[in-house]
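So you can see what is in the structure, the chains are spelled out below.
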Amino acid sequence: MPAILGASARIGVIAPGASPLCFPALESPAMDAAVFDRVAEIFAETGSIPREKITPEAHVIEDLGIDSLDFLDIVFALDKEFGIKIPVESWMQKVDKGEAKAEDFFVMKSLVARIGDLVAAKTPG
Amino acid sequence: MRLEYFDMVDRVVELFRAEGRLVAESRVPEASPVFEGHFPGHPLMPGVLLIETMAQTSGFLLLALQDFAAMPFLVQVKTAKLRSFVAPGAALSISARLVHDGSGFAVTQAAIRAGETAVADAELVFRCLPFPAPELAAQMRARAARLGLPEAA
Numbered sequence: 001m002p003a004i005l006g007a008s009a010r011i012g013v014i015a016p017g018a019s020p021l022c023f024p025a026l027e028s029p030a031m032d033a034a035v036f037d038r039v040a041e042i043f044a045e046t047g048s049i050p051r052e053k054i055t056p057e058a059h060v061i062e063d064l065g066i067d068s069l070d071f072l073d074i075v076f077a078l079d080k081e082f083g084i085k086i087p088v089e090s091w092m093q094k095v096d097k098g099e100a101k102a103e104d105f106f107v108m109k110s111l112v113a114r115i116g117d118l119v120a121a122k123t124p125g
Numbered sequence: 001m002r003l004e005y006f007d008m009v010d011r012v013v014e015l016f017r018a019e020g021r022l023v024a025e026s027r028v029p030e031a032s033p034v035f036e037g038h039f040p041g042h043p044l045m046p047g048v049l050l051i052e053t054m055a056q057t058s059g060f061l062l063l064a065l066q067d068f069a070a071m072p073f074l075v076q077v078k079t080a081k082l083r084s085f086v087a088p089g090a091a092l093s094i095s096a097r098l099v100h101d102g103s104g105f106a107v108t109q110a111a112i113r114a115g116e117t118a119v120a121d122a123e124l125v126f127r128c129l130p131f132p133a134p135e136l137a138a139q140m141r142a143r144a145a146r147l148g149l150p151e152a153a
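Residue numbers (the numbering used here), protein chains in the order written: chain A, 1 to 125; chain Y, 1 to 153.
One chain only, chain Y, in its complex shape (with noise of 0.2 Å):
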């Protein structure tokens, strides 16, 4: 996880492509520029990044089961809930699920855990749109390959 880069997901541990799920995990970095500021004396990773990191997962979900014909922007954050504190160096499982496949739209339930801790967990809303650029495709395919997700091959 390189926080300052927005590279929320270290590896994808599985797909389950006929239920819609997929897990990843992602390891909070022991220093970042970010706990400077969040906080001063006391290094949480911010809550917001926790959605990204699930919003993140989802996207790596949608795009293997659209076999990245289409790119997940997020649109909405419903019933976000963040309910552990997450300290630097934390190990982190996040799952994401398939809820409903829309036209153009997609819904996904998502959830983070450390450990045997539920850390945050959101229903999350894509909008799947034509890749903007060639290059993000390929960026995006080439990422995934890197996580570990056998559909970017």
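Chain A extracted, bound-state conformation (with noise of 0.2 Å):
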């Protein structure tokens, strides 16, 4: 099946063995702690991942253990919930291209600082 082939390749591209503390983020943009928590609590819904293994330092993949599908659902879920388009697949290109590390975009802290600042791009002021 072409498409599930697809979505596991993609998930090795975004599941790297470094450890998120060797890369930091490509800008270190504040995270918002409200909007960790609304991020962390869909995942956990979504996912059915325990809330408590959701922390700032988790990386989606090797931490959370969230597969391609659930995370196609997860970015549903966000992209829905903050009224954006979350760029995964802009995103993965970067890492493809060598031009970004993996935990710039996933891990929690560096998604949702991301979610941040896609959600104060939509709103003039």
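List time: in silico BS3-like cross-link candidates among lysine-lysine, alpha-carbon distance up to 25 Å:
1. A/K109 / A/K94
2. A/K109 / A/K97
3. A/K109 / A/K122
4. A/K80 / A/K122
5. A/K85 / A/K101
6. A/K80 / Y/K78
7. A/K94 / A/K122
8. A/K80 / Y/K81
9. A/K85 / Y/K78
Which stretches of chain A does chain Y cover? Using the computed rule of at least three CB atoms under 8 Å from a CB of chain Y, they are:
10. 65-77
11. 81-87
Treat the hints as calculated values from the structure; they're not laboratory data. Positions of the beta carbon are idealized from the N, C-alpha and C atoms, including for glycine.
Using the hints, put the two chains back together into the complex; each one sits in its own frame.
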């Protein structure tokens, strides 16, 4: 099934073995605690993950064990919740090209900060 | 509709691009080997093929909206309801509406009616990937053109 193979391949892309601590985010935007709490709730509800596992340092794949289909569901829920379109494809392309580390996007604190940026960008002022 | 070839849509009736909606139609064949097993003496269109019909209609919608830039692969069927039996020869109207245009995925709401009767509906999720083979891209475009989708021309 091409879709499943494609999806599996993509999981490999966003799950390299480096520690999140080795690669700080490209930028270091502040992580809004309220946004983090809501994102964590969505991860817990949609991915059936114990809430206590979802820490700012948690890697979406390595620590939370989310597969590509569950992650797609979570992104859908996040898009709806915040009225944004999380550019997952663009992020993966940057990781593929070596322009960024997976941890720049797929560690919870980085993801939450980027969601905060996307929300801010859609609201002028 | 040719069940054995998974050729589920006969014609695109209209694409409402601004609304993100497509309407298609199809007629269930009077005879098919599928009906020999489903069910002997009581032929019915299989529910999974009704879901496939909604998926293909959604697929043509997504192909049109994305200008054939990516191939939609069905990855999730949510809340599918099979509301009425469908017998051989039934004329079906299928609609698909874009619910969410995500990054590398899309969500649609699709439904099938037979006249005034609600037949089936489902929320479907697709992963939209670059065409894995140029032949597939050409075939999808040709098939969409045959069905009357002007965007495929």
